[in-house]
Amino acid sequence: MTRQQILDLYFIDARHKLIDLAAFMDRVERAEGNEDFRMKAFREALEELSKNNREKARQVLLTFSDPTTKPIAKASVKGATGAWPEKTG
Amino acid sequence: MVSRVTDDYVRMATAGCQAICEPAFWAGFDRSSVHGFYDYFCQLTEHEPKRAAKFGLPHFCWLCINPKESEDLKLADDVLAIIPKFLNRPNVLGIGEIGLNKNSRNEMKVLEKHVDLAAKHDQLILVHTPHLEDKLKGTRLIVDLIKSDKRIKPERVIIDHVEEHTVKLVLDTGMWAGMTLYPESKCSPARAIDMVEVYGDQRIWMNSACDWGVSDPLAVPKTALEMQRRGHSAAAIDKLIYQNPLKFLSQCPKFKIQRPWQPT
Ligand SMILES: [Zn+2]
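First to last, the sequence lines map onto chains A and B. This note's numbering numbers the first residue of the first sequence as 1 and each following residue consecutively. This note's numbering numbers the first residue of the second sequence as 1 and each following residue consecutively.
Treat the hints loosely; a few may be bogus.
Residues from chain B that face chain A, not an exhaustive set, calculated with beta carbons under 10 angstroms [stated by the list, open to error]:
#1 W26
#2 S70
#3 E71
#4 S104
#5 P130
#6 L132
#7 D134
#8 G138
#9 R191
#10 D194
#11 V198
Partial chain A-side listing against chain B, Cβ under 10 angstroms, derived [unchecked claim]:
#12 A41
#13 A57
#14 P71
#15 A80
The hints are simulated quantities; they were obtained by calculation from the structure and are not laboratory data. Only a predicted model underlies this, so the values are computations on that prediction, with no experimental measurement involved. Note that beta-carbon positions come from the ideal geometry of N, C-alpha and C, so glycine has one too.
I would like the entire structure built from these sequences, with the hints used as guidance.
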């Protein structure tokens, strides 16, 4: 497909998702209290979108990923939160 | 499919689905003993094939204790001990979906035991990779563990739930990469097709998530429609949604299906 055809097929959907993201951020910022590690990772992931690389989806996923390599001592919960809690800097 | 209503079998048959391959997975709660697994394996090998057959759907399954219940090593050993009794049943394809959930040491131990079981009984392997932030690390640990067991041929292993940051990692090992399609929160049809366009259609298999969460048994046919909208040929779609899974699964001699409209 040409770039024009991709835009014709997906632009409205992507626009809708982008506005949804913007509204989500407004909602978070309107609410009382502090942000946590998830929003920190989220803001970092957003920066990936303005960079000039062709693997934006991969980079966003890496931003949210646990980068360590050793198994953890014990699985105390079953679920995942969507971002790595120990991320700093 | 233990987590789905019969109407889903009807919908899948209507959409042209040719066979169901159901992995053993978490029940949404922890089973209290090995007896719960015994009954579950009977359900997968006796009851579900009958339920699917009413709509002309051959039903196959994979057996294991899933990684969400692998923290309890005693329970895992008990379950591993009963699996061989079921491996000769006609609809059992192999060991799965094994793998990791939170990437813990006990999960790794149980994964290793399952891989050993598969090697000893010459079984195909279906692997679940963790979701969200745990996927990258879990996928790395899993492929390293499987690669280190020289008895396992990579082309007899499928690593499921790949996403953009893990698909290449898996394909580079010679193993198959599964893309599980979800209506929300994980891999979408559009992203799955993107990965096929970037990484090619060799050793890639798409499957519909049909679990206890928000999922859609028709995700694969919907992805086929999406491929059509993007201008992929009928042959390219057929390769991805039919020929590829057929190629992988035909490594198990018990996997035999016939498209009803094809001449014998
Ligand atoms: Zn899974």
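Note to self: Tell me the numbers of any earlier hints that the structure contravenes, in ascending order.
What the structure shows: When the structure is compared with the hints, none of them turns out to be violated.
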